[in-house]
Amino acid sequence: MLPEIQTIPLHFDKANLKPNDYKSDVKPVWCPGCGDFGVLSSFYKAVSELGIPPEQLVIASGIGCSGRFPAFCNSYGFHGVHGRVLPLATGIKMARPELVVCAMGGDGDGFSIGMGHFPHAARRNVDITYIVMDNEIYGLTKGQASPTSPLGLEKKSTPYGNVDRPLNPLLLAFTGGATWIGRAFSSRPKEMTELIKQAIAHKGFSFLQVYSPCVTFYDTYDHFKQVTKPLPEGHDASDKAAGMLYAMNEETLFLGKYYQEERPTYDDAYSGVRQKATKGTYSFEKLMDKYRR
Amino acid sequence: MAQVDLTVRVGGDSAAGGIVTTGEIVARIAAYSGLEVYTTRTIPAEIKGGHVMFQLRTSEKPVYSQGDDVDMLIAFDQESIDNYYHLIKANGFLIYNSNDGKPPAANGNGVKQYGLPLNDLAKKINFTKGRNIVTIGAMVKLFDLPYDKAEEVVRRQLGRKKELLDQNLLALKTGYAYVEQNIAQESPYHLIPETGIVEEERLVMNGNQALAMGAIAGGCRFYAGYPITPASDIMEFLAAEFPQIGGTMIQAEDEIAAINMCLGGSFTGARSMTATSGPGLALMVEALGHATMTEIPLVLVDVQRAGPSTGMPTKVSQGDLRLAIFGGADDSPRIVVAPVSVEDCFYQTVHAFNLAEKYQTPVIFLSDQDMSVRVVTVPPFDLNKVKLEPRLLWDPQSVNHGGNGASGGGSGDREYLRYKITESGVSPMSLPGMPGGQYTAEGLEKAESGAPIYTPEAHIRNFEKRARKLANALQDYEAWQMYETFGALDAPVAIVGWGSTIGPVKEAVLRAASEGMHVAVLYPKLLYPLPADHIGKFIAEREHVIVPELNFTGQFGRMIQAQFGREIIPLTCYGGTPLATRDVYAKIKQVYEGMKVNV
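As you go down the protein sequences, you meet chains A and B in turn.
Be aware that the first sequence starts at 1, since it is given in this note's numbering, and climbs by one per residue.
Be aware that the second sequence starts at 1, since it is given in this note's numbering, and climbs by one per residue.
Source of the hints: derived by calculation from the structure; they are not laboratory data.
For every residue, glycine included, the Cβ atom is placed at its ideal position computed from N, Cα and C.
Possibly wrong hints are sitting among the right ones.
[As the list claims (entries may be wrong)] Straight-line distance between alpha carbons at most 27 Å, and here's what the computed BS3-like set of lysine-lysine pairs gives:
#1 K290(A) / K420(B)
#2 K173(B) / K27(A)
#3 K161(B) / K279(A)
#4 K276(A) / K589(B)
#5 K173(B) / K123(B)
#6 K123(B) / K290(A)
#7 K286(A) / K124(B)
#8 K173(B) / K290(A)
#9 K161(B) / K290(A)
#10 K279(A) / K162(B)
#11 K162(B) / K276(A)
#12 K420(B) / K27(A)
[Stated by the list, open to error] Partial selection, computed: residues in chain B whose CB lies under 10 Å from chain A:
#13 G115
#14 P117
#15 D120
#16 F267
#17 F381
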């Protein structure tokens, strides 16, 4: 006889949940005025409106200011090592597909040290929501250029101006094969809440880039207020090429849902593998028989 | 008639194909005929081309090492003759491809030479790729192995396509008939004793297969890994089995992703494992420390290969011990388990999972390349010996959390303390989905609730908690007998070793004992925490302690030296080959001779 796996049955009783029900007793440590506060409030609101029971929600994170996110939530959380939030979230989701899994990241965590995982989570279409709080700077290490910092930016690690061209997270999401792609700005909470809700509700890998300025090391509030605007109303989110064209625009930074498609999720695909693999009752004796002389 | 104990080496170029197949098939024919087998191989890291060696040792009694010298050399090419002819024992056999190699002049040691025109024979049956099967047919006749068993093995191993199978069976017959008609009507070597063999129930498998089966029996249901020689076939094994038993196998984008996926899987309650080799372990070290810090159970298999860096991917080493025990930022203790044999790979994997779950900590399982690919006969695994230690789970009934699970409510203390300080150091763990059990697995230093905190008191308390947990594993070491002792336990000389060197040590100790040089042997299978009491008592009264191991600096030996403040005699082997019985024997002899001089 094979040992049985321990499983905990989940109850999906959509209770009448309020944003406060998702708040933990750990007070956020972000600098006053940080864009991440806005993301946190919108997140509380989004998950409460979706009615996700806190014990069925898992928030994973890496390192950076964004990494502290799970501690402020009354859900299950996993504060991982630097850059590895996506594999962590993939492991959680694949081991327990019933759970709602969100991965919180920043531009350094996700597009520098953790960049290698982004296209893989996207191409697998792991059914998780990846929210990147992009402040275009390393905040927690006190102000070095990040992979989304603009050319010429003069900071401590780039005293003569940044010469590394910034990368385009949305285009990376497109080429990786993300099935839901959007962009928000932390100073537009209403739209952001709606986008977070849609991203979580989407079945598949959702990627939401949020401009979330760093008041201490790179205050970009005014800049983003000037250069962001909603995607044109007529934008067809099933039109990948159109979405990519909008994402390529570097003068106007469009906010909203760029793209969505339906594709089997990673756990769906793996269920298929299980069906294909399973032939009759499994027994350890039979497995040993293959090696018996 | 003396006991049959035959060592055969097969050598050739891998580009020609089939060297390892030849060895494996002959090994299986011997095993299926009721004999015990023990094999070893060295293969190039390249896919095609390069010299390959396969060695089979077979006997009616269990064998523990690959054998130092060979009774028979099967040389597919000149290079094999040049490299290995000197290893043939007096009165041994050389079988060579007379179309591709000239035997050396007879040197008076009685080696019998048989040339087989392999290329011609294969060409004659229009099957040029069938040279190795022709050779197998010849060996079956030379060793007087049952022909029906040979056919059965060829059917099982090569029977996927009917047409090819027919060709292979014809090749088998061709080799057999050639020997019968041209070399020896009567087989020159009888592997099966005239009295016959009392056939025991046996599995024919390698260490990675035993390990993967141990993982299945040990309750593992989540695996993420990245291909690396010589660990990849663990992943391949579980890729086939896991979907059938509700498990999950993910081929990750790199080793760092693999171990982080395992952390995620185990966080939800699934017994999780990854397997790699030295370079992969180096990449996983950060996440390993994270597993220690977040108290997430995890089994990390390191099938050690010769390094450093890329090193020799297909050669054996035990050079990762120090990395396994001490690698990481600050003191990040983890349990380190080392199996000693292919059979042991099964049972110690179960122990590794039990230790990981019981103490909510990562466990490194140190296998090695030689053990991983070596095909041997082992008794069937006994599932009655497998007892699963459950993870200590939090009981959701233990707190009043209200109806909807929103227990935190944004105010007041958390009721559930994930990192509660306990006497054993182990804190009950909640799993996602348990209402009221919400917490954050935290890599920062933390309060009992999991909330980040940097006070000296918390840091001290948690260091002590993590160390306390691991110390308890020493009780399991005793209770589960995670060690082997043998030899003359009152001898003045001891050998303390770890891992797969146990085989040659066993044989050398037997040989030395027959000459009056007695040795007591201890092989702990738990290397961290170090069973210092047991080892200390074992070596206390000895005049000399020899520590054999397959690495340059004698990593385990130095640990023993540091722990007990006494000299040891290192016996290091670092050429990428398994330990040789003769080297262990020579060391024992040297030690005994030194003792005589001192008297």
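Hint-by-hint comparison with the structure:
1. K290(A) / K420(B): violated (46 Å)
2. K173(B) / K27(A): violated (80 Å)
3. K161(B) / K279(A): Satisfied, since the Cα-Cα distance of roughly 22 Å is no more than 27 Å.
4. K276(A) / K589(B): violated (59 Å)
5. K173(B) / K123(B): Within the cut-off at roughly 14 Å; holds.
6. K123(B) / K290(A): violated (34 Å)
7. K286(A) / K124(B): Answer violated: K286(A) to K124(B) is near 41 Å, above 27 Å.
8. K173(B) / K290(A): holds (26 Å)
9. K161(B) / K290(A): holds (19 Å)
10. K279(A) / K162(B): holds (24 Å)
11. K162(B) / K276(A): Within the cut-off at roughly 25 Å; holds.
12. K420(B) / K27(A): holds (21 Å)
13. G115: Since chain A brings no Cβ nearer than about 32 Å to G115(B), farther than 10 Å, the hint is violated.
14. P117: The hint is violated - P117(B) has no Cβ within 10 Å of chain A, the shortest such distance being about 32 Å.
15. D120: violated (34 Å)
16. F267: holds (6 Å)
17. F381: holds (7 Å)
Of the numbered hints given earlier, the model fails hints 1, 2, 4, 6, 7, 13, 14 and 15; all others are met.
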